[in-house]
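A.B. asks: As given, the protein sequences belong to chains A and B, one line each in that order. So the first sequence is numbered by UniProt numbering: it starts at 1 and just counts up by one. So the second sequence is numbered by UniProt numbering: it starts at 1 and just counts up by one.
Quick caveat, the hints were computed from the structure, so don't treat them as lab data. These numbers come from a predicted model, not from an experiment.
It does not matter which identical chain is meant; a pair holds if it fits inside one copy or across any two.
Taking lysine to any residue and the SDA-like style, the derived pairs with C-alpha atoms no more than 25 Å apart in a straight line are:
id, residue 1, residue 2
1, Lys106, Thr120
2, Lys106, Thr184
3, Lys308, Arg202
4, Lys308, Asp321
This is what each chain is made of:
2 protein chains.
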Amino acid sequence: MPAGGPWTPSSIAAAGGSILAEDVSLPVAVLEEPALRHNLEWMRRFTAAYGVQLAPHGKTTMSPALFRMQLDAGAWGITLATAPQAVAAFEHDVRRVLLANQLVGKGNFELIADLQARDTGFWFACVVDSADNVAALGRYFAARGQCIKVLLEIGVEGGRTGVRDDAQAQAVLAEIARWPGAVTLVGVEVYEGVAREEAGVRAVLQRTLAQWRAIRDAGGFAQLPAILSGAGSAWFDVVAEEFAALSGDADAQVVLRPGCYLTHDVGIYRRAAARIHAGNPVARDMGESLRPALRLWACVQSRPEPGKAIVALGKRDAAFDAGFPVPALHYRPDAAAPAEAPAHWQVTAMMDQHAFLDVHAGDDLRVGDLLCFDISHPCLTFDKWRHLLVVDAAHRVVGAVDTCF
Amino acid sequence: MPAGGPWTPSSIAAAGGSILAEDVSLPVAVLEEPALRHNLEWMRRFTAAYGVQLAPHGKTTMSPALFRMQLDAGAWGITLATAPQAVAAFEHDVRRVLLANQLVGKGNFELIADLQARDTGFWFACVVDSADNVAALGRYFAARGQCIKVLLEIGVEGGRTGVRDDAQAQAVLAEIARWPGAVTLVGVEVYEGVAREEAGVRAVLQRTLAQWRAIRDAGGFAQLPAILSGAGSAWFDVVAEEFAALSGDADAQVVLRPGCYLTHDVGIYRRAAARIHAGNPVARDMGESLRPALRLWACVQSRPEPGKAIVALGKRDAAFDAGFPVPALHYRPDAAAPAEAPAHWQVTAMMDQHAFLDVHAGDDLRVGDLLCFDISHPCLTFDKWRHLLVVDAAHRVVGAVDTCF
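Let's have the full structure, built from the sequences with the hints guiding it.
C.D. replies: Listed below in structure tokens is the structure:
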């Protein structure tokens, strides 16, 4: 541990230290390095098997060090959700960004135009689903003497963004055609995650593929190969399967965008992984699935009633919108090693800085004990932390990563 | 607006700029300065009328610039929830911190001991509700040759932390007595917000008051006056009323800890304010209530269906656990002024970076339009932002504040 205070994740990372030795102020978010490495390799093999590119959604982690790990593991680019996220990635040397959202507002146009002006080698594209938005982009980027690359976004009725039908698509394409040199169509994009059933997911993917083919056949893309992109973190296997229809088509560049595979979880994405491993032959051949890599350590703060513990871990520290954190390990300071937490220890409520843990009256759980929690929904856990510690299998700190939220 | 990019809240604040002129990348969180000033003065008058001290809960904002405004408006100190928060406040010259939580874990003990070592004029106290925790504090601070000030925390059955009965209280007090010079009892504390009905709130406040008197009468406080502290942001009026029983008692120093009064909201705290103004004579005499001061501006990103707009504002940008953001203003770029948003525009769902807004089919709401949202639950909105802009009544940027989450 570093001499003098205050302790910070960065100073701890520099100095080494151990979660179990209480060298670190808790609560803390940790990334388990062996699991990270496993997940990087898993996704590299999966996308290689399908011959598709990977542009992991960086909004999940917003951590430049993790972007770098993903790019070093072969990712084609980084997907992002907002213009300020693109700026943060650019500042950390990411030079290929797919914005899986509409770019709206002059403030955001300017952020992107400034990046394109700073480095003409910066590759950036966003999605469009309305003629109004295309016209606004056209006016702005034409005035700047720049070109903005766009992908037509396909959506589903009752879903989120994206054109619902061919009439909307044609209106967008017609507007793009009015801005030669300022707005360039480079592909078609879909976020299938808003269609919850597999049949609906496959249907929108097939419609997206048909739209891509229709534009290609009409000579509508500014260049070939043209991008066909889909896949959040829950259905990337189905996207790979459906878009495999273009396998070997030299005109097509398929780009998948899952973000949560890097850390996985024990909630929504573990359930998705169970489905993937049951149905996808490539995943099945790889054997082991993704591993949860993002965990939280916290202290028992109070044992006010026999069946209740209050843990110093709150909504400020962990996602709570897709299931509460799940106790995984229990460690009493100075014990030899952590034990598995009993399955009946369950978080039943959270406040800003507290979690309410149900236990049994006779359980040996004391104030000051350490608990390690698994989580559900990495995105809304990452954004609680400016730094996360990287730990080894023995819970020793071997590094730290910053986030840029 | 500043020349060159990237725009940041800080550079915008330095350069001036306007939300309506789209000088700022949206979404953005803004603090409306006239409302902030009003709220500071409101709470100054309220606490002055009761003759009590104010230690606003700083975990709400974690913004040193706002701590400074609160202290300049007469606050006695700043309440905080965690040791790292206390470090952040200390680094920004706050020298009186009440930790309204147990201090647990060696990492956190060390953070606080280091602050006490750096400045012997730093006043810090935390709460205790278990003999185990007192013993751990005693061992650590005795070994450091330091003393830690503590308040006995009173709790309610089925609630959060705090002793449930006299036996627990006596066990804690007995353990404190074993650590003379290392653990010093300076008061009694309660968080009444976990008792949801007014009768329950009054009951636990009365029990807290009785406990304070019993300890005082037994000579149990290390010094007089001794602190009696309560009050989250929902029941501070009832706390002031109940603790007014000690008005004029020179042995007592009553400290209230609301944090959300500074920005207020249109959800949980507007409902609390309605109750307060209906029942509390001091509030009623002051006339106008607290004003919502924290708002969010965002762009309409997509109009994919006649009755639906997708707004570029997500769970990454706003609290969503106590009601979704509420559209307040609608502005079309280049219009003269914003209009009030129709009451039927309602957020029905949020994703990480998107809000789903129900509108009527004929409503004139376009991609690129700006919407200003009120919020519910300031704490979980503040923690989404590293900077917030300070704006005047015309939505011009007049400053910015940082946060230290």
